[in-house]
Amino acid sequence: MEEESGEELGLDRSTPKDFHFYHMDLYDSEDRLHLFPEENTRMRKVVQAEMANESRGAGDGKAQRDLQEEVDELVHLYGLEDDHELGDEFVDENIPRTGVSEYPPYMMKRRDPAREQRDWRLSGEAAEAEDLGFGGWGSAGQCQDLREAYRYTHGRASEEYECYVIPEEEDEEEAADVFCVTCKTPIRAFQKVFDEHKEHEVIPLNEALESAKDEIHKNMYKLEKQIIEMENFANHLEEVFITVEDAVAMADRLGKFLKTKTDVEISAQPEFEDQTLDFSDVEQLMGSINTIPAPSAPVINPQVPNSATGSSVRVCWSLYSDDTVESYQLSYRPVQDSSPGTDQAEFTVTVKETYCSVTNLVPNTQYEFWVTAHNRAGPSPSSERAVYMTAPSPPIIKTKEIRSCEEAVLICWESGNLNPVDSYTVELTQAESPEASGVTESVVGIPTCESVVQLQPGRSYIIYVRALNMGGPSVRSEPATVHTIGSYFRLNKDTCHPWLTISEDGLTAVRSERRTPARELSPSDTHFTRCVAVMGNLIPVRGHHYWEVEVDEHLDYRVGVAFADVRKQEDLGANCLSWCMRHTFASSRHKYEFLHNRTTPDIRITVPPKKIGILLDYEHSKLSFFNVDLSQHLYTFSCQLHEFVHPCFSLEKPGCLKVHNGISMPKHVTFY
Amino acid sequence: MALKQISSNKCFGGLQKVFEHDSVELNCKMKFAVYLPPKAETGKCPALYWLSGLTCTEQNFISKSGYHQSASEHGLVVIAPDTSPHCFLIGGCNIKGEDESWDFGTGAGFYVDATEDPWKTNYRMYSYVTEELPQLINANFPVDPQRMSIFGHSMGGHGALICALKNPGKYKSVSAFAPICNPVLCPWGKKAFSGYLGTDQSKWKAYDATHLVKSYPGSQLDILIDQGKDDQFLLDGQLLPDNFIAACTEKKIPVVFRLQEGYDHSYYFIATFITDHIRHHAKYLNA
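Sequence lines, in order, name chains A and B. Count the first sequence with numbering that gives the first Met the number 0 and you get residues 0 to 671, in order. Count the second sequence with numbering that gives the first Met the number 0 and you get residues 0 to 286, in order.
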């Protein structure tokens, strides 16, 4: 039980603990009183003791007997018989009392003396406690006051108080008149003779009361002293805080001062220059003040992989000693591989922690970092220099040059960085599934600015590229979308004959009426010179590819495929490196040829196709042509395709033809 | 009608059979060959009719053309009837003069319904091929009656073309090897038509592909024709494909005509390109 421990502690120790005043109960609501009857009991007992003291103190003039009686009354009144009963009492206080008759007689009895007690109780020191006014029992307001008084008193009391708790006494008729020190209980004089109190020391009650009162006063005094000490401590703490604040401000100012370039020419007068000033006194003085030494050099950590962004790095260091450090100064500058003559700007940051995120840096750049520790005595030696690197800028995908087929995509991009990076990463995610699915596939360690990635047919993918260096990866590039339906390619402007114009989307070739003079082109030129043709950039992946070409009925054209190194000075189909379907319209007659190595089978087609479907099948070494509108098969070449070929288109007369991409193979084509 | 199985041989997983029956149109016993692909065991298959050329029976095609592998792969039932009634077999209709020439009479039915005596009773190959035989096949074999195509060689090519042109929508596709395209203008045709149909040339046009095309109203046809460049009959002017092509060009009937360098009129030529033709038909029959 709390009060028992309190008693023991109170008896054994004279000094209360330092930081124990702010007892929780001080802030308790009134309600707490009846929830914890034990505490209430303890409180009451303290109050009881005080009041008992008071009653004794104030009522010096009164007959001791009266006091005794009153004490007894108080003893019973303030709950000594039974803790639980007392708890009930307080609980019961909440209930508005209708009739007094509800309560057992002894309670009634107590009430009256309480009222009597009230008046003289209000005098004296302890009267402060009762300032709130003790309502007698029997009314809510009185209960309220009582509670508040108890609360206040309790707050000033603690377990460590020496509480002379006057124990329960069944017998209330006989008042005690002496005090047994040993048992700490008032007893009747005759009891001294008998029983347990035989050997015990006994003192008169009033003496006991006096000493009890003294004790309490002493404790209160101590408490007050402690309050003062606490306040002092708080003040001191505040001072320290202000000092530290000032120091930091000072350090900041110092840092700023160091950064600013001051071109101040101090022209000292000659006489001053020659003077040697004796600073020894000052030094001594300084030395006596600053007893702490300057710190030892910090150790700067190497860069944590993948910790950088394009514009910032996180630099960390450690201090392997017990030195006092007030701040660190981190300095850096870009690593230069040029001659030492060119000085790069040096930057400095002051921090309190052993790490710093340095921002506003240039991507894909190496920076040298070094750090010094500072305290009142001065700076430490500089740490070793560590090189940190910012992550690169993101690459830029060349969306117009994406080539794909049903099983793969070829992506190329611009580095996005002036200097080389270590490698690139391609990230793909399927477009059908929502963003939540995240990246489904990554291809890492790509050394060049292009990559062929395997894909599933009939899907849509979103592709990102990142650049990577030792600082980490860049942010993702802008996305590009790829559909694995059919094959996608663009007409390659680098190959087209000067008389051909290729549209912006890379899918239409136009030959105008006008003839611009064909310039003299060297044989190694990538442009077609004889055949007014252009080549498409088909993805270099085997398997099958299908595309369609829209032509005019009266247009003279050649459509087919050729190896990349086909001789551009020759017509399509005139050599063994190209295959094509040729249509010429003359004298109202359509003539169709299927040319390879200058030879063609004899084929007549009665309905001229307007849209030609072309199937390139690496697997079966076949190239087939179809009339798309009629689902009619026209012709199939058997061709040995030892290397990759590209679609070719040529216009033998002014006109235009349009390429259609991204078409999945029609069913009739699948038979071939 | 009772079918009598004459032979059955397993080939490329399927079965090549020959049957005999009593034909109503032809008034005599007729034989025909049927190939049942592996797929026919489990379901109905499309039907492809082959019409052979002059002097042939149902045996030439099934022995020499090498069509079985392709038919098996594409799951087509291939039916090859005889080229004319063979009355002597039954010992019935002995028609005088029917064996005198190889290009008229026996083995040269020209796929017409003869109107002249003594041919009109028996020589009704057109009706046999377009009516009686399909009904018989549909009733007795696992074929889909809605999916039917026709092709043939030489006289059979002519037969395939006219059957398709005279029955728009009945056949899903048609193709031919060295067909007689314009019989009214070639010696063979003139001989046969005058014999079977009489001298009224207007009746002849009803069985002439080039003429039929000119008045063809009907649904889309996709025609594939292979012609050996070294075919003697081509050089003799018996086949006249150019006329047909010109007519088709004018009427916008889709034709792909391939002149095959070095090939002649024989079954070696047929065997070379039979796979292309079967694929051509499969594209439409299996669509």
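If you are wondering where the hints come from, they were derived from the structure by calculation, not from laboratory data. Here a beta-carbon is modelled for each residue, glycine too, at the ideal position from N, C-alpha and C. Please note that the accuracy of each hint is not assured.
Listed below are the simulated BS3-like cross-link pairs for lysine-lysine, each with C-alpha atoms no more than 27 Å apart in a straight line [unchecked claim]: (1) B:Lys3 <-> A:Lys590; (2) B:Lys228 <-> B:Lys202; (3) B:Lys228 <-> A:Lys621; (4) B:Lys119 <-> A:Lys609; (5) B:Lys43 <-> B:Lys9; (6) B:Lys38 <-> A:Lys666; (7) A:Lys610 <-> B:Lys250; (8) B:Lys30 <-> A:Lys590; (9) A:Lys590 <-> B:Lys43; (10) B:Lys204 <-> A:Lys666; (11) B:Lys28 <-> B:Lys9; (12) A:Lys609 <-> B:Lys213; (13) B:Lys213 <-> B:Lys202; (14) B:Lys202 <-> B:Lys251; (15) B:Lys9 <-> B:Lys30; (16) B:Lys189 <-> B:Lys204; (17) B:Lys16 <-> A:Lys666; (18) A:Lys652 <-> B:Lys251; (19) A:Lys590 <-> B:Lys169; (20) B:Lys43 <-> B:Lys30; (21) B:Lys30 <-> B:Lys169; (22) B:Lys9 <-> A:Lys666; (23) A:Lys666 <-> A:Lys652; (24) B:Lys228 <-> B:Lys169.
Here are some of the chain A residues that sit facing chain B, going by a computed Cβ distance under 8 Å [said to hold, decoys possible]: (25) His216; (26) Arg597; (27) Pro600; (28) Ile602; (29) Ile604; (30) Thr605; (31) Phe670.
Against the structure, the hints come out as follows:
no.: 1; hint: B:Lys3 <-> A:Lys590; verdict: violated (52 Å)
no.: 2; hint: B:Lys228 <-> B:Lys202; verdict: violated (31 Å)
no.: 3; hint: B:Lys228 <-> A:Lys621; verdict: holds (24 Å)
no.: 4; hint: B:Lys119 <-> A:Lys609; verdict: violated (48 Å)
no.: 5; hint: B:Lys43 <-> B:Lys9; verdict: holds (19 Å)
no.: 6; hint: B:Lys38 <-> A:Lys666; verdict: holds (21 Å)
no.: 7; hint: A:Lys610 <-> B:Lys250; verdict: holds (20 Å)
no.: 8; hint: B:Lys30 <-> A:Lys590; verdict: violated (44 Å)
no.: 9; hint: A:Lys590 <-> B:Lys43; verdict: violated (42 Å)
no.: 10; hint: B:Lys204 <-> A:Lys666; verdict: violated (37 Å)
no.: 11; hint: B:Lys28 <-> B:Lys9; verdict: holds (25 Å)
no.: 12; hint: A:Lys609 <-> B:Lys213; verdict: holds (23 Å)
no.: 13; hint: B:Lys213 <-> B:Lys202; verdict: holds (15 Å)
no.: 14; hint: B:Lys202 <-> B:Lys251; verdict: holds (25 Å)
no.: 15; hint: B:Lys9 <-> B:Lys30; verdict: holds (19 Å)
no.: 16; hint: B:Lys189 <-> B:Lys204; verdict: holds (11 Å)
no.: 17; hint: B:Lys16 <-> A:Lys666; verdict: violated (32 Å)
no.: 18; hint: A:Lys652 <-> B:Lys251; verdict: holds (25 Å)
no.: 19; hint: A:Lys590 <-> B:Lys169; verdict: violated (32 Å)
no.: 20; hint: B:Lys43 <-> B:Lys30; verdict: holds (23 Å)
no.: 21; hint: B:Lys30 <-> B:Lys169; verdict: holds (24 Å)
no.: 22; hint: B:Lys9 <-> A:Lys666; verdict: violated (31 Å)
no.: 23; hint: A:Lys666 <-> A:Lys652; verdict: violated (33 Å)
no.: 24; hint: B:Lys228 <-> B:Lys169; verdict: violated (31 Å)
no.: 25; hint: His216; verdict: violated (114 Å)
no.: 26; hint: Arg597; verdict: violated (14 Å)
no.: 27; hint: Pro600; verdict: holds (6 Å)
no.: 28; hint: Ile602; verdict: holds (5 Å)
no.: 29; hint: Ile604; verdict: holds (6 Å)
no.: 30; hint: Thr605; verdict: holds (4 Å)
no.: 31; hint: Phe670; verdict: holds (5 Å)
Of the numbered hints given earlier, the model fails hints 1, 2, 4, 8, 9, 10, 17, 19, 22, 23, 24, 25, 26; all others are met.
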